[in-house]
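Asks: Given next are the chains, with one letter for each unit.
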Amino acid sequence: MSDSQNPFVRVQQDDFDLTTEVNWLRNEHADVGAVVAFVGTVRDINEGDDIQQLELEHYPGMTEKALEAIRQQAHQRWSLESSLIIHRIGKMQPKDQIVLVAVASRHRENAFEASHFIMDYLKTNAPFWKKEWTPEGERWVDARLSDEQAIQRWLKD
Amino acid sequence: MSDSQNPFVRVQQDDFDLTTEVNWLRNEHADVGAVVAFVGTVRDINEGDDIQQLELEHYPGMTEKALEAIRQQAHQRWSLESSLIIHRIGKMQPKDQIVLVAVASRHRENAFEASHFIMDYLKTNAPFWKKEWTPEGERWVDARLSDEQAIQRWLKD
Amino acid sequence: MVNILYFASLRETFGQAQEQVPAQFRTVGELVQSLAERGEQWRTHLLESNAIQVAVNHDIAHRETPIKAGDEVAFFPPVTGG
Amino acid sequence: MVNILYFASLRETFGQAQEQVPAQFRTVGELVQSLAERGEQWRTHLLESNAIQVAVNHDIAHRETPIKAGDEVAFFPPVTGG
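Chains as they are written, first to last, in this note's numbering: chain U, 835 to 991; chain Z, 835 to 991; chain Y, 24 to 105; chain C, 24 to 105.
Honestly, the hints are just simulated from the structure, not real lab data. Nothing here was measured: the structure is a model prediction, and the numbers come from that model. Idealized CB from N, CA, C, for every residue including glycine. It is possible that some hints are incorrect.
[Unchecked claim] Straight-line alpha carbon distances no greater than 27 Å define the calculated DSS-like cross-link-like pairs of lysine-lysine that follow:
#	chain 1	residue 1	chain 2	residue 2
1	U	Lys-925	U	Lys-965
2	U	Lys-899	C	Lys-91
3	Z	Lys-990	Z	Lys-925
4	U	Lys-990	Z	Lys-899
5	U	Lys-929	U	Lys-965
6	Y	Lys-91	Z	Lys-899
7	Z	Lys-929	Z	Lys-990
8	U	Lys-899	U	Lys-990
9	U	Lys-899	U	Lys-925
[Said to hold, decoys possible] Using C-beta positions, here's what the derived DEER-type ranges look like:
#	chain 1	residue 1	chain 2	residue 2	range
10	Z	Arg-911	U	Ser-980	30 to 38 Å
11	C	Ile-83	U	Asp-883	27 to 35 Å
12	Y	Glu-87	Z	Gln-986	24 to 32 Å
13	U	Thr-854	Z	Asp-884	24 to 32 Å
One chain only, chain U, in its complex shape (with noise of 0.2 Å):
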């Protein structure tokens, strides 16, 4: 199966629906009692200063399989009836949407472990990267040590 194939990972450049998101994945199965939907957006302030403007950039064929690869760990980690990952490129506004993670399963408990996890891990291992424009120019976004640490606790269990 190619990337371009999977629905349930997705990198676009086009804006995502929540509903529509939420209501095809909990569709997918019949057995479903608990959606948790992570949704992260464009901050206008970052590092003290404004954003004005916020640009994606991934590695096409790479950042799918990370990405897959992520949602694999959490379905062999947690029992889940389905989850999705979308993740927008390009250029951004502070408000945009910039990620979707969707965990569908039977109850509550496995769904916000298993979408915190995906987004973690995300954050430290899906090539993606951030360069911000503010009223001093662009700059390349730093990885925050926070995200490093915050997948240590997922080691512990």
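Following the hints, position chains Z, Y and C against chain U.
Replies: Just chains Z, Y and C, lined up with the frame of chain U:
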């Protein structure tokens, strides 16, 4: 403020639209980078029996007060931009949406934790009661021990 | 008077959602004791049940919680929303 | 030949997104050593940087990872998506 005027806590018969509510919530504040939305839905099987219909009853006045108290606890415990609880009452069919808990924050960790916390407390502290219809007749749903246990983790920290 | 509300399975068991009783009880416990004297069903579900919850004026209460005229006292089984 | 890709800040620093080099290196380490000889910028950002990441054929790699003709080797800074 009367409960009916609190837009962040709604007990209603009507269904809700995820996109509409999440967009409303995150536009309440400029500096949102993360939204976690939990949607609870009617499962078509419970305790091994087919579920044909579900009915949700509440205690008008006390329910809204309990939900707002849970929401306030979450805001005291985590740095959040805004949060929202919508819980439906009345009759519902399998796959229908029952409850929405959405939390908007600057960074994802707080949104994940707070939405999970609100759902765990809603399950044990908010006066709602479920009746379900199976081929064998109607029955009140029993409280789950696992829901009682779920709130224990929030008492440790 | 004290306004009493019954919810969910309790409402069906007792066949009523609401009633008013004279405000002659100092605590929830005294009120429950009096209601339990109505018969088997009342004693079993209100007095002898460990699971039943009580609220006075929308706040979770217990047997020692005082009640006075005009209060709203609600009895209900463990909650199962969400 | 080996296909090399540069992403994000590395692409801008080196002024190129992609290039092909002869498949004469046994490992990622040998390739990096050769690229570093191009000058200051290359040495600093590829050889002396602790943060730089390497992937061979879409899998995260390290200095000892073998490379062969037809492989795709990508260099990029720490990821910052989501």
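Asks: Any hints from earlier that this structure breaks? Give me their numbers in increasing order, please.
Replies: 3, 4, 7 and 10
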